[in-house]
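Undergrad: Going line by line, the protein sequences match chains E and C. Read in order, the letters of the first sequence correspond to residues 1 to 484 in my numbering. Read in order, the letters of the second sequence correspond to residues 1 to 302 in my numbering.
For the record, the hints were derived by calculation from the structure and aren't laboratory data. Honestly, I wouldn't trust all of these hints.
The calculated lysine-lysine pairs, modelled on BS3-like cross-linking and capped at a C-alpha distance of 25 Å, are [as the list claims (entries may be wrong)]:
no.	chain 1	residue 1	chain 2	residue 2
1	C	K27	E	K419
2	C	K286	E	K199
3	E	K449	C	K3
4	C	K286	C	K185
The primary structure of each chain is shown beneath.
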Amino acid sequence: MVVNSINFLIFFLVVFVVYYFLLNGKAKAQNVWLLLASYFFYGFAEWKMIPLLLTATVVFYGLGIAIGNNAESNKKRSSLFTTLGVVLGLGLLLYFKYLNFFIQSFSDFFNAIGLQTHWTLFSILMPIGISFFTFKLISYVIEVHRENMEPCRSFVDFATYIAFFPTILSGPIDRPKPFLAQLSKGRTLDYELASIGLKRIFWGMFMKMCVADRLSIYGDAVFGNAIHHNGVSLGFATLLYPIQMYADFAGYSEMAIGVGYLLGIKITENFKRPFFSQNIAEYWRKWHISLTGWLTDYVFMPLNVSFRNMEKWGSIFAIIITFILIGMWHGAAWTFALFGLYHGLLYVPLMLSGAFFKKNKVKKTKSGLPPFNVVLKMIWTFLLVSFGLILFRSATLADAIMVMKKIATEWGPLFVDYKTLINGLLCMVIMFYKDFWDEYKSDKHLFSKGIINRYRFELTVAGYIVLVLFFGVLDGNQFIYFKF
Amino acid sequence: MKKFLTRVLIILIITLVADRAFSVVVKIFFKTTTTTDEYKLNTVTYKMNDPVIFMGSSRCHHHYVPSVIEDTLKTGVYNAGLWGMHNIYFQYGFLCNILARYTPKTICLEVHPIDYLATPFSQTATVGSLTPYINVSPGCDDMLKVAGLYYKSELSELYRYNSQFANIVAGNVSTRSLASDKGFKPLYGKLDTTFKTTPERFPFGIDTAKVHYLQAFIDKCKEKHIQLIFLFSPFYAVEKNHMVDIPDSMAKKNNIPFINHYNLAGFTGHPEVYYDFGHLNETGAKKYSAIVASELKKYIKN
Numbered sequence: 001m002v003v004n005s006i007n008f009l010i011f012f013l014v015v016f017v018v019y020y021f022l023l024n025g026k027a028k029a030q031n032v033w034l035l036l037a038s039y040f041f042y043g044f045a046e047w048k049m050i051p052l053l054l055t056a057t058v059v060f061y062g063l064g065i066a067i068g069n070n071a072e073s074n075k076k077r078s079s080l081f082t083t084l085g086v087v088l089g090l091g092l093l094l095y096f097k098y099l100n101f102f103i104q105s106f107s108d109f110f111n112a113i114g115l116q117t118h119w120t121l122f123s124i125l126m127p128i129g130i131s132f133f134t135f136k137l138i139s140y141v142i143e144v145h146r147e148n149m150e151p152c153r154s155f156v157d158f159a160t161y162i163a164f165f166p167t168i169l170s171g172p173i174d175r176p177k178p179f180l181a182q183l184s185k186g187r188t189l190d191y192e193l194a195s196i197g198l199k200r201i202f203w204g205m206f207m208k209m210c211v212a213d214r215l216s217i218y219g220d221a222v223f224g225n226a227i228h229h230n231g232v233s234l235g236f237a238t239l240l241y242p243i244q245m246y247a248d249f250a251g252y253s254e255m256a257i258g259v260g261y262l263l264g265i266k267i268t269e270n271f272k273r274p275f276f277s278q279n280i281a282e283y284w285r286k287w288h289i290s291l292t293g294w295l296t297d298y299v300f301m302p303l304n305v306s307f308r309n310m311e312k313w314g315s316i317f318a319i320i321i322t323f324i325l326i327g328m329w330h331g332a333a334w335t336f337a338l339f340g341l342y343h344g345l346l347y348v349p350l351m352l353s354g355a356f357f358k359k360n361k362v363k364k365t366k367s368g369l370p371p372f373n374v375v376l377k378m379i380w381t382f383l384l385v386s387f388g389l390i391l392f393r394s395a396t397l398a399d400a401i402m403v404m405k406k407i408a409t410e411w412g413p414l415f416v417d418y419k420t421l422i423n424g425l426l427c428m429v430i431m432f433y434k435d436f437w438d439e440y441k442s443d444k445h446l447f448s449k450g451i452i453n454r455y456r457f458e459l460t461v462a463g464y465i466v467l468v469l470f471f472g473v474l475d476g477n478q479f480i481y482f483k484f
Numbered sequence: 001m002k003k004f005l006t007r008v009l010i011i012l013i014i015t016l017v018a019d020r021a022f023s024v025v026v027k028i029f030f031k032t033t034t035t036t037d038e039y040k041l042n043t044v045t046y047k048m049n050d051p052v053i054f055m056g057s058s059r060c061h062h063h064y065v066p067s068v069i070e071d072t073l074k075t076g077v078y079n080a081g082l083w084g085m086h087n088i089y090f091q092y093g094f095l096c097n098i099l100a101r102y103t104p105k106t107i108c109l110e111v112h113p114i115d116y117l118a119t120p121f122s123q124t125a126t127v128g129s130l131t132p133y134i135n136v137s138p139g140c141d142d143m144l145k146v147a148g149l150y151y152k153s154e155l156s157e158l159y160r161y162n163s164q165f166a167n168i169v170a171g172n173v174s175t176r177s178l179a180s181d182k183g184f185k186p187l188y189g190k191l192d193t194t195f196k197t198t199p200e201r202f203p204f205g206i207d208t209a210k211v212h213y214l215q216a217f218i219d220k221c222k223e224k225h226i227q228l229i230f231l232f233s234p235f236y237a238v239e240k241n242h243m244v245d246i247p248d249s250m251a252k253k254n255n256i257p258f259i260n261h262y263n264l265a266g267f268t269g270h271p272e273v274y275y276d277f278g279h280l281n282e283t284g285a286k287k288y289s290a291i292v293a294s295e296l297k298k299y300i301k302n
């Protein structure tokens with residue numbers, strides 16, 4: 001059940017009506033209802049994995065209480081429980097997502113050096129959203145261990161946090177403390193919050209259905225048949241791919257956040273107009289914020305402390321390891337590891353020059369636009385990101401190298417699918433125009449007086465719906481990040 | 001809550017009004033296109049009245065030259081083939097819309113494996129081209145229902161023109177007109193054989209749903225006393241296997257002539273008459289149309 005489907009609309013209407021009309025303001029009952037709805041939603045996607053989700057939730061709930069109970073009296077035992085939680089969380093990920101990958105990789109390695117192996121791969125069904133909910137579980141035990149929060153004593157609240165339906169399949173990865181604090185209070189409909197939620201849902205739909213799904217038709221046609229396309233077409237598809245990914249994933253995040261707002265729950269932000277970044281560090285501060293934030297707190301910072309004797313080089317090692325993990329988080333393939341390594345290496349000049357530690361301010365000219373040199377930096381950053389995504393998009397390293405070679409050497413006429421490109425590029429311009437407006441002119445509005453201003457909100461949302469009806473791909477494509 | 005629901009209601013009203021208003025504008029421009037598929041769909045649905053029509057996907061669109069065929073048959077011919085993977089789901093709906101207005105004497109259907117095999121690249125989505133013609137005929141509406149497009153199109157009039165923006169703009173801006181070609185669109189250029197040498201393959205099983213609608217197409221023609229002829233024009237190189245078994249057996253069963261030229265001497269293996277592996281160029285189309293016309297003369301009587 002994808003968020004932009006009729007099934008989800010019916011499901012959500014039922015959840016919404018019961019939540020506010022029958023259980024309005026009753027925290028416990030609302031949480032039970034959210035939990036039931038979340039398990040129904042997850043079960044609808046993959047009912048076979050419900051026992052796994054439930055068991056993991058029970059175990060981590062218990063671990064959280066055990067860590068909290070021993071936090072002051074027996075620090076060693078508390079650390080032991082935390083380590084157990086981290087190992088279990090990572091173990092889940094390793095088993096379901098990476099076991100076959102490692103078996104295959106070791107087998108290939110031994111075969112390459114002349115040692116014949118005949119290892120068979122396991123038939124493992126990967127639970128949808130495992131990369132998201134395991135990170136929530138791990139984050140919870142660490143936060144309790146660090147005494148940043150009290151362990152959650154309500155199983156229903158904790159299970160709701162883990163399985164919360166708008167975010168379980170594709171994030172954002174919420175932190176436990178702010179999320180659980182919201183569950184402790186009964187929720188009544190917050191007019192402003194719900195209105196913003198509604199607007200974000202339809203904007204997310206526009207991003208997903210009009211930009212991402214449209215551009216994916218071109219991208220699939222070119223990358224799916226890369227051997228038959230020349231370097232110009234592959235280069236063009238390479239430049240469109242980051243925009244497709246952004247529209248797909250940020251679109252989903254917008255919808256998830258919007259649904260959360262309608263339920264009175266603020267979900268962590270995941271994107272902040274990443275293509276207006278002047279360097280790769282700024283880009284990652286704006287792209288998949290909940291994942292990079294998670295890995296910064298639980299991987300980069302501890303590593304950085306461990307490597308502090310090596311000074312700048314210690315930070316560089318820490319960031320490279322962190323980025324390899326970010327890459328691998330996306331999938332069990334060496335192309336993802338190389339994608340991470342590539343981004344880690346892009347940080348090296350920034351860290352050596354000290355630019356990494358400076359926060360880039362949004363520079364504007366008198367007219368409120370970015371100066372030319374800033375635009376050039378943004379374009380350069382975009383090109384670096386696009387190039388790295390060739391690794392991300394390719395099934396194998398050989399495929400990625402073939403694409404790169406073709407881009408560099410094999411020139412010819414551009415493959416053009418007018419219908420797809422004109423619709424997709426037009427919607428892309430609308431998306432970037434809005435992003436640009438939010439980035440540089442957020443305090444200004446068109447039609448700031450009169451009836452249009454009075455109904456600005458309603459007109460905007462209706463405008464998004466009309467755009468989706470006219471330009472959207474309405475056949476319920478899956479989101480790219482579902483597979484992670 | 002009341003305030004919020006009022007806001008939702010206002011959004012719905014604005015959306016509904018905008019949907020209807022924009023769709024009126026889009027519909028006007030949709031009907032004034034002169035070069036794109038939309039032009040042909042409009043012409044065939046609302047204007048064309050030739051006694052002989054050719055139907056099918058892109059191979060029909062690019063292979064049959066009405067002026068050449070008319071010279072031999074001495075009767076009006078229109079090429080109603082459409083570019084793209086427009087399979088039998090689309091063709092059946094399209095036929096029903098044509099029959100809602102007039103009854104041609106003969107229909108020549110260029111069959112293709114997408115009309116009866118479970119090809120992964122051509123399913124019910126091809127019916128999408130018919131959403132602007134909702135409520136023209138019950139048969140077309142049935143196909144829109146099969147494709148899951150009917151109720152969406154009933155709810156939103158703008159949705160009927162979903163994804164058509166580029167074509168509508170191009171069809172109104174371009175000065176070139178399809179009108180003089182009677183639906184035929186020539187392809188210029190010669191096949192480059194240096195790249196690919198393996199023949200076209202269709203290693204797919206039978207699609208019973210498609211076969212059902214192919215039979216429904218036949219039945220519809222029988223019901224209206226229309227002479228139906230199956231055609232299969234040449235490929236540059238194609239692996240036969242059981243590719244034509246289905247139309248062959250259906251033609252025999254229903255007593256329909258089947259002009260099968262999938263491997264025609266002078267065409268198959270001759271790059272000079274092809275634009276690509278599946279489509280004849282202008283020279284090839286004219287040459288082939290003359291051959292087909294002389295064969296059709298045996299079946300079509302004025």
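Undergrad: Each of the hints needs a verdict: does it hold here or not?
TA: Results for each hint:
| no. | hint | verdict |
| --- | --- | --- |
| 1 | C/K27 to E/K419 | holds (18 Å) |
| 2 | C/K286 to E/K199 | violated (56 Å) |
| 3 | E/K449 to C/K3 | holds (22 Å) |
| 4 | C/K286 to C/K185 | holds (11 Å) |
The earlier numbered hint that this structure contradicts is number 2, and it is the only one.
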